[in-house]
Amino acid sequence: MTELSLRGVRKRYGATEVIHGVDLEIASGEFCVFVGPSGCGKSTLLRMIAGLEGISGGEVSIGGWVVNDQEPADRGIAMVFQTYALYPHMSVEQNLTFGLRMNGNDPADTARRVSRAMDILQIGHLAERRPKALSGGQRQRVAIGRAIVREPDVFLFDEPLSNLDAELRVQMRVEIAKLHNDLGATMIYVTHDQIEAMTLADKIVVLRDGRIEQAGRPLDLYDDPDNKFVAGFVGSPMMNFIDARAAGEGDGKQLVALPGFADATIALDVAARPAEGTPLTLGIRPEHVEAEGVGDCDLTVRVDVAEHLGATSYIYVRAGQPDQMIIERQRAREEDHSGQDIRIGIPARHAFLFDAEGIRLR
Amino acid sequence: MSSLAARRRRDVIVLHAVLVPLALIWLFPIWLMFVFASLPEQALYQPGVRLWPGTEFFANFNALEESTGFTRTIFNSVVVAVIYTALSILMTSMAGWALARYRFHGKAVVAGVVLGTMTLPYFVLVIPQFIMVARDFGLSNTWFALIVPPLFNALGVLFMRQTFIAMPNDLFDAARVEGVTEWQIFTRVAIPMARPTMAALAIILFLFSWNNYLWPLLIVTQPDMMTAPVALGSLIGLTRISWGGIMVGAVLLTLPMLVLFVILQRHFVSGIAAGAIK
Numbered sequence: 012m013t014e015l016s017l018r019g020v021r022k023r024y025g026a027t028e029v030i031h032g033v034d035l036e037i038a039s040g041e042f043c044v045f046v047g048p049s050g051c052g053k054s055t056l057l058r059m060i061a062g063l064e065g066i067s068g069g070e071v072s073i074g075g076w077v078v079n080d081q082e083p084a085d086r087g088i089a090m091v092f093q094t095y096a097l098y099p100h101m102s103v104e105q106n107l108t109f110g111l112r113m114n115g116n117d118p119a120d121t122a123r124r125v126s127r128a129m130d131i132l133q134i135g136h137l138a139e140r141r142p143k144a145l146s147g148g149q150r151q152r153v154a155i156g157r158a159i160v161r162e163p164d165v166f167l168f169d170e171p172l173s174n175l176d177a178e179l180r181v182q183m184r185v186e187i188a189k190l191h192n193d194l195g196a197t198m199i200y201v202t203h204d205q206i207e208a209m210t211l212a213d214k215i216v217v218l219r220d221g222r223i224e225q226a227g228r229p230l231d232l233y234d235d236p237d238n239k240f241v242a243g244f245v246g247s248p249m250m251n252f253i254d255a256r257a258a259g260e261g262d263g264k265q266l267v268a269l270p271g272f273a274d275a276t277i278a279l280d281v282a283a284r285p286a287e288g289t290p291l292t293l294g295i296r297p298e299h300v301e302a303e304g305v306g307d308c309d310l311t312v313r314v315d316v317a318e319h320l321g322a323t324s325y326i327y328v329r330a331g332q333p334d335q336m337i338i339e340r341q342r343a344r345e346e347d348h349s350g351q352d353i354r355i356g357i358p359a360r361h362a363f364l365f366d367a368e369g370i371r372l373r
Numbered sequence: 008m009s010s011l012a013a014r015r016r017r018d019v020i021v022l023h024a025v026l027v028p029l030a031l032i033w034l035f036p037i038w039l040m041f042v043f044a045s046l047p048e049q050a051l052y053q054p055g056v057r058l059w060p061g062t063e064f065f066a067n068f069n070a071l072e073e074s075t076g077f078t079r080t081i082f083n084s085v086v087v088a089v090i091y092t093a094l095s096i097l098m099t100s101m102a103g104w105a106l107a108r109y110r111f112h113g114k115a116v117v118a119g120v121v122l123g124t125m126t127l128p129y130f131v132l133v134i135p136q137f138i139m140v141a142r143d144f145g146l147s148n149t150w151f152a153l154i155v156p157p158l159f160n161a162l163g164v165l166f167m168r169q170t171f172i173a174m175p176n177d178l179f180d181a182a183r184v185e186g187v188t189e190w191q192i193f194t195r196v197a198i199p200m201a202r203p204t205m206a207a208l209a210i211i212l213f214l215f216s217w218n219n220y221l222w223p224l225l226i227v228t229q230p231d232m233m234t235a236p237v238a239l240g241s242l243i244g245l246t247r248i249s250w251g252g253i254m255v256g257a258v259l260l261t262l263p264m265l266v267l268f269v270i271l272q273r274h275f276v277s278g279i280a281a282g283a284i285k
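These protein sequence lines map, in sequence, to chains A and L.
The first sequence begins at 12 in the numbering used here and counts up one residue at a time.
The second sequence begins at 8 in the numbering used here and counts up one residue at a time.
Isolated chain A (complex conformation):
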């Protein structure tokens, strides 16, 4: 069990800086997920922790030791790759033992570790098979097994489920969560899938353009995002953003006008007091959009399409600005008014307010 910390970590390729001074503490035994759109630097950051990429500035320490100049193998880590990276010419068992054999590990100890990993992952019956004779899920299991036999302090996962189909992805997600519970090791997991992030993480780190936008517990990020990017990225379907404008103060609350909806006004309980006329963005999650009269401000929208998934329905509506909003309804059976105008209510206590730079106004 090992804690990990990044202090002012930077990565430059020539003149281009791709990681801009990342500070992060990951507690021992924590499951930390790096999430963000492609190109945000999450994989690069993971590879820097692994030692596969050099560190241009700052410090990476694992278990209290600065590891900047240590070889990957000396950092007490194991890594699982998106492509599985199994050696195609070796059997499953040889894949698991390869690293230990090359390092001259005691054969009896190697055998013990392999049989333990095979037990945990239930891949004993595959021991003699080559990777090409395995399904995607089995390959991923072997790749995880190869990490387990190293008995590392920190597990690093680089988008391990991206190559699996949807059903298998859910199944493996559960298994990885279980593995974390069983082993109790510190794990860092990179994904672009915010559902994986929400379901697996003790701590989510949302990255954009090589910077941490926000780090915290999944539901904290969901309920209390620091900025528009995190608000939009965490949660599925994503938060609706409506163009807004500061419209003065009323009753100790900030009044916000919605120009796309005939200047309908909503009063929000925030401390910030932007100057009147300042462009803002109002955020509301699909599940918080209410029926007419239930919220604090009613809007008229036109229904485009309704998707009924059974328990949940998503209603895509056309609004003033932005063009499209999504409304979530539970057990809706009759709400399929394609092409019709409907009235919806926005509850002020669930609405978020962002300034023009996307910073949350609280």
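Hints should not be assumed to be uniformly reliable.
To be verified - Here are the computed distance ranges between Cβ atoms for each label pair:
no., chain 1, residue 1, chain 2, residue 2, range
1, A, 112, L, 268, 43 to 51 Å
2, A, 79, L, 266, 56 to 64 Å
3, L, 266, A, 174, 42 to 50 Å
4, A, 50, L, 23, 51 to 59 Å
To be verified - A few chain A residues that face chain L, going by a derived Cβ cut-off under 10 Å, partial list only:
no., residue
5, 63
6, 76
7, 88
8, 91
9, 93
10, 97
11, 113
12, 161
For the record, the hints were derived by calculation from the structure and aren't laboratory data.
The C-beta atom is built at its ideal place from N, Cα and C for all residues, glycine as well.
Fit chain L to the given chain A structure using the hints.
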């Protein structure tokens, strides 16, 4: 259904009608080689072409052996080709690995120079190479001179480089994380995966060495250091050409290669295709 089958059969027949005569034309010189190798010397100079083998193969062989010590030269050829192939494979794969895997200053220049050497005709190189090896180093008539100077093979380097580039980097990263040394990564991970390409390359290199005529002709003057092609060439004298001996030698030089190629054909083609596509 039956018309489809009939059409297919017709296509096959047409195809064979074209290919079989072509194959015969192709094989005819090889057949003649066998025929001439087994005819008495005088028969070749008589009017009319004989198309059926005679019985003088061993007599011709004995004459060849007597004039050139052919068994010894075959042995020399085998030694040179085997060592050459092994060393060249090692060198080209290591150079290919370096060009594929490492980032270093001037890498593009090195790769460009390697590629550039392929545009130089061999005959441009062979004279300076000869002067250097034979005159400056005084290495005529040595194994070293036969094997080492032609070792560098740009085609092989590029071949191996492409093969290694095509391999997913994650594999090597995974090995690094596991504490596997660079040499072990090369020998235990990369090389086994490159086996089809290396098999194809080995055949090409072996054939190159086996058929190499000019370099051994220049660098070797003593009969006991000659390779088989050079020994055969020496039978073409100013006044007299010993066709029977030459043809026996040609048969003995061709046959092992023919057998080898037929056996390894599958590897050969798949290896080249693998290198080409990936």
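Do the hints match the structure? See the list:
1. For residue 112 of chain A and residue 268 of chain L, the Cβ-Cβ distance of about 37 Å falls outside the hinted range of 43 to 51 Å, so the restraint is violated.
2. Residue 79 of chain A and residue 266 of chain L have their C-beta atoms about 58 Å apart, which keeps the hinted 56 to 64 Å range intact.
3. A hinted range of 42 to 50 Å holds for the C-beta pair residue 266 of chain L and residue 174 of chain A, which are about 44 Å apart.
4. Taken as a hint, the range 51 to 59 Å holds for the pair residue 50 of chain A and residue 23 of chain L, whose Cβ atoms sit roughly 57 Å apart.
5. Given hint, residue 63 of chain A at the interface with chain L, holds; its Cβ is 5 Å from that chain's nearest Cβ, closer than 10 Å.
6. The closest approach between the C-beta of residue 76 of chain A and any C-beta of chain L is roughly 17 Å, which is over the 10 Å cut-off, so the hint fails.
7. Restraint check, residue 88 of chain A versus chain L: the minimum CB separation of about 7 Å is within 10 Å; hint holds.
8. Hint status for residue 91 of chain A relative to chain L: holds, with the closest Cβ pair at about 9 Å, below 10 Å.
9. Because the smallest distance between the Cβ of residue 93 of chain A and any Cβ of chain L comes to about 7 Å, under 10 Å, the interface hint for this residue holds.
10. At its closest, the beta carbon of residue 97 of chain A sits 8 Å from a beta carbon of chain L; the interface hint therefore holds under the 10 Å criterion.
11. Given the 10 Å rule on beta carbons, the hint for residue 113 of chain A holds: about 5 Å separates it from the nearest Cβ of chain L.
12. A cut of 10 Å between beta carbons decides the hint on residue 161 of chain A: the least distance to chain L is about 7 Å, and the hint holds.
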